[in-house]
Structure formats: structure tokens, C-alpha cells
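Colleague: In case you want the letters, here they are:
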Amino acid sequence: MRQAHPMSLSRRHFLGAGASLALAGCAAVGGGKPIARVVVVGGGYGGATAAKYIRSWDPRIEVTLVERNEFFVSCPISNLVLAGTKRIEDVTLPYTGLARYGVKVVRDEVTALDFDSKQVRLARGDPLPYDRLIVAPGIDFQFDKVPGLAAADAGGRVHHAWKAGPQTVALRRQLEALPDGGVFAIAIPKAPYRCPPGPYERASVIAHYFKQSKPRSKLVILDANPDVVSKKGLFVKAWSELYPGIIEYRPNSELVEFDAQRNVARLQFEDFRAELFNIIPPQQAGRIAQPLVSVNNQWVGVDFQTFETARVPGVHVIGDATASAPGMPKSGFMANNHAKVAADSVIALLTGAPVNRETILTNTCYSFVSDTEAMHVASVHKWDAAQKTVVPVAGAGGVSAARSALEGEYALSWARNIWADTLG
Amino acid sequence: MSTALAAGLSLAAIAQTAERPGRTWAATCAACHGSDGKAQGAIPSISGRDTEQLYRTLLEFKNGQRPTATVMHQHAKGYTDDELRRIAQAFAAQAAR
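Heads up: the sequence lines are chains A and B, in that order. The opening position of the first sequence corresponds to residue 15 in my numbering, with each subsequent residue numbered one higher. The opening position of the second sequence corresponds to residue 2 in my numbering, with each subsequent residue numbered one higher.
Some hints here could point you the wrong way.
Over 10 Å on every C-beta distance to chain A, these chain B residues come out as not near it, computed from the model [unchecked claim]:
#1 T25
#2 D82
#3 A93
In silico lysine to aspartate or glutamate, EDC-like type, Cα no more than 16 Å apart, as pairs [claimed, not checked]:
#4 A:K225 <-> A:D385
#5 A:K396 <-> B:E84
#6 A:K402 <-> A:E372
#7 A:K396 <-> B:D82
#8 A:K159 <-> A:E76
#9 A:K118 <-> A:E76
#10 A:K396 <-> A:E423
#11 A:K100 <-> A:E423
#12 A:K396 <-> B:D83
It should be emphasised that the hints constitute simulated quantities derived from the structure, not laboratory data. Every residue, glycine too, gets a C-beta built ideally from N, C-alpha and C.
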């Protein structure tokens, strides 16, 4: 594989966009006073993309992106870090590329969103005033839904690794330390959760590691859902063909309590013991967006034409924190797409231009099932005037005909391209 | 603020507004094909292609005339012919910049 740097996008795009607007007779680019201020909270697949595209499409608007972490660590591809086929460095990227687009990146922690004074309050820096606000906080975990889990997480016994970063590295170490013959269990929460096929990909690629390095080990999937949530046929086929005797799938196995002392998962009807657990907790919108939550006390309801929130006009929420439309996954790809529709709408609303009402969103999620083979699920979502939301287009989308090494190459290519698209 | 801004919009800016749906739809392609269609790795670059050629290719995906397709036929079926044409035009417009 060529080692092209994902940040290698040329400056032509930014310069080109600036030039075309200058020709359009608008305010001066670069030195001129900005016509409006946008603050973006959160530099994941949604937030970073929104910041970049607003600046690309209208450099007259000042955009400040607030992110608490120094680096972007990608959840997609991070399962391969757990499997030992990639390193955490391979999924870790800087935010420095956004400067090429004139995005001001502020590394700080947001402490409050003040909707009345239209300011974002920070832990260290001065408050940031905005004309429109985009909140892209991703998910937070509901540890309180599973008694015992908070203590197990805090004690470093059990890692979710569902936000890529230190927990990914820690879970990889635990997997390496697991003796051959040890039982490893992955607990999956009820949908909706971030990345529907992600837990099944994780099980598959870790089973591949077991097959190579710990062939007597077992991997048990404790799924709170009644069936495999995504790409069921392809995953089940891969498990039976590639990992017979290694992966065991248990549906309707919701974790109700966790006993870290004895390493026992309490399910509704039985106790399950394993040497090592990876528990993916139930999820909700990132807590900074709590005042905007309007659906099931968990997610932020938005208008999918603009991503403006139901609760507060002028405030837009994108990505995993939103209450998903029917058939819409919480994915990095989808967050990247939310960001572009929101960027276009925010520009329109700030400049008095008409909002595009013909919303189209797409999704493609690749999942690895070994170190080389992958498969996808794809969908196209369009605005439906009658239902007042976006819905999957009938007859479009679908899954791979079969897992393949070609789609494995596409998956890695996809990652490089979306990283460059998101971070400049 | 928006009223003053609207008054300041030039004709060229309004013309640009008319292309915005196509530009936004085309931007969704960038998640796989790279910003402005400039891809790295196994996924093909689609920047700088002629509008007609790109439109014809998208129609072939949509109509099942590309037997080696893995995912593009599933995407192309989600769009009307007119939407595919406007997406192809948006890529051509980016290339011209």
C-alpha cells in the first residue's frame, strides 16, 4: 500500500473557492471583516467536516472549531488495531490541515452552551460568540444503565473501546494477555448505538487474531438485540466459514449488571462468566448537547433539511447525537454527510439565500471480517415531504454480494479519503 | 443581519446559489472518492472528468450495465436521472476551478 499522507490535499480547493467568491463581488477574502461567525463544537467526522466545508463554500464566514483532544482518532478501522493488523498511529490524525481552509481550531473543553447570549463557554479560554452554532458531540455512555459497569470502567478492568483512543490500546493489551483457551465476551447494547455493524466487525477480526495466535480461545457475542443488527447474512456466513468453534452468537442477551469482582455478566436469565469482557455500554447524545435532547431523553431531534434543532433555533446538531431518521445509521460516513447538508444550510441561513429542500444523504459502511476481507452496506436517504423526514430510497442501497479482498482494499481507501475529506 | 446580506448578494452569487443542490449532493460522494473527487488508494478518482462521460457512467451503474460494480449500482439507483446529471455537472464545475 502506498503511504500517501491523508493530509495531502492540495491548496487549490481553498484558493479556488476563495477566488470564485471574490469574482462574485462579495466581501474581501482573508483580510475582510467576516460577515458572520459560526462555532462548531466537536471535531469528529461531523464537526470537522462542517467547519471545513463552510469555509470552503463561503470564506466570508468565520468558523471556530472547538475540540478537547489534540488528535482525531478514527473509530472506523480501529477494530483492526484491536486485531493487531493496524497500530493506533494508523488511525490517529492531526487537526492542522484545517488551517488551510481558515478554520480556527481551539483546543479547549466546552463547559456550557449559552443560547440566550449566543456564546459557547470554555474551560480555559474566553467565551466564543456565534451567529449560528453547530454541535457535533458524538455519543456519551449511559454507565448508570448497567450497575457495576461504571466501577469496572473506572478501575480499568473493562474497556468499551467504543471511542477510539487509549481504550483501544488498553483492550488490545488485554487481548494480547489473554491466555490461549481463554473466553472473551463482547456485550452489545440495544440499538440504536454508534456504528451498527461495528460490534460484529470487532468480533470477526478478533476471532481472526484468535485463530492465528490463540486457536483454543472462544469469543462469545452477548447481543441485547434479538438478531444481528447489520449485514446479518454476510457476518453469519463469515463466522461459520472462517471461525467455526471460535465465535458463539447469543441473541437477546442484554447485560443487566456487571460484577467486576468475579468477572460475571448478569443477563436476564443467567450469569455469564468470561476471562475478559469488552462491554459496549448503552449510549446517548454527548452530554454537552443535553439541553437540546428531545427524543427518548437520549437524542437530539433535528430538521433533516437544515439540521437545526427542534429545541433552539439557530443551533444545529449533526452526527451520532441526532435522533436518527428511519433506516439511518449512526456512522462516521453519515456524520460527514450530515455536515455537508448542515454547512450548506447554515451558509444559506446566514446569507439570506434559499435553503435546499431536496436533501439527499448517503451511507456506505465497510466491515472487515478478517485481516484482508471486507464487505459493505450502503443506502441513499431522501427527503419525504409527507413524512417530513428523510427515508431510505426503495430499490437503492444494499449489501455486498460476498465478502472480498477487493472490498478490503476499498475499505482502506475509503478511510484515507474520508479522513482527508474531514480534516483537510 | 440576513436582510443586509441578502441585499449585498450579487447576481453571480445568486447564480451560484442555483447550483447548490448539485454541489451538496456531489459532496456526499467525497466521503469515498475524496474532496472534489480526488481519491487515494483503490477507489477511483472522479475529479476532472467530462460531464457527459461521468453522467453516462452513473446511468450505466443505475441501469445495471456495469457488471463489476460492487456498490455504485446501489447508490446510483437512489437518484433520478436529473439528479445524476446535476451531480456530474458539479464535478465538472469543480474541475474547472
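Colleague: Determine for every hint whether it applies to the structure shown.
Modeller: Hints versus structure:
A beta-carbon of chain A comes within 10 Å of the beta-carbon of B:T25; the shortest separation is about 5 Å. Consistency note on B:D82: stated as away from chain A, and its beta-carbon is indeed over 10 Å from all of that chain's, at 14 Å minimum. In this structure B:A93 is separated from chain A by more than 10 Å, as the shortest Cβ-Cβ distance comes to about 14 Å. Restraint check for A:K225 and A:D385: the C-alpha separation of about 12 Å stays at or below 16 Å, so the hint holds.
For a cut-off of 16 Å, the pair hint linking A:K396 to B:E84 stands: about 12 Å separates their Cα positions. Simply put, A:K402 and A:E372 have alpha-carbon atoms about 12 Å apart, close enough for the 16 Å limit, and the pair holds. Among the hinted pairs, A:K396 with B:D82 is consistent with the structure: their alpha-carbon atoms are about 15 Å apart, no more than 16 Å. For the hint pairing A:K159 with A:E76, the CA-to-CA distance comes to about 40 Å; that exceeds 16 Å, so the pair is violated.
Between A:K118 and A:E76 the CA atoms are separated by roughly 8 Å; this keeps the pair inside 16 Å, and the hint holds. Of the pairs offered as hints, the one joining A:K396 and A:E423 is violated, with about 29 Å between alpha carbons and a cut-off of 16 Å exceeded. A C-alpha spacing of about 14 Å is found between A:K100 and A:E423, which places the hinted pair at or below 16 Å, so the restraint holds. As the CA atoms of A:K396 and B:D83 are separated by approximately 15 Å, the hinted pair is consistent with the 16 Å bound.
Checked against the numbered hints above, the structure violates hints 1, 8, 10; every other hint is satisfied.
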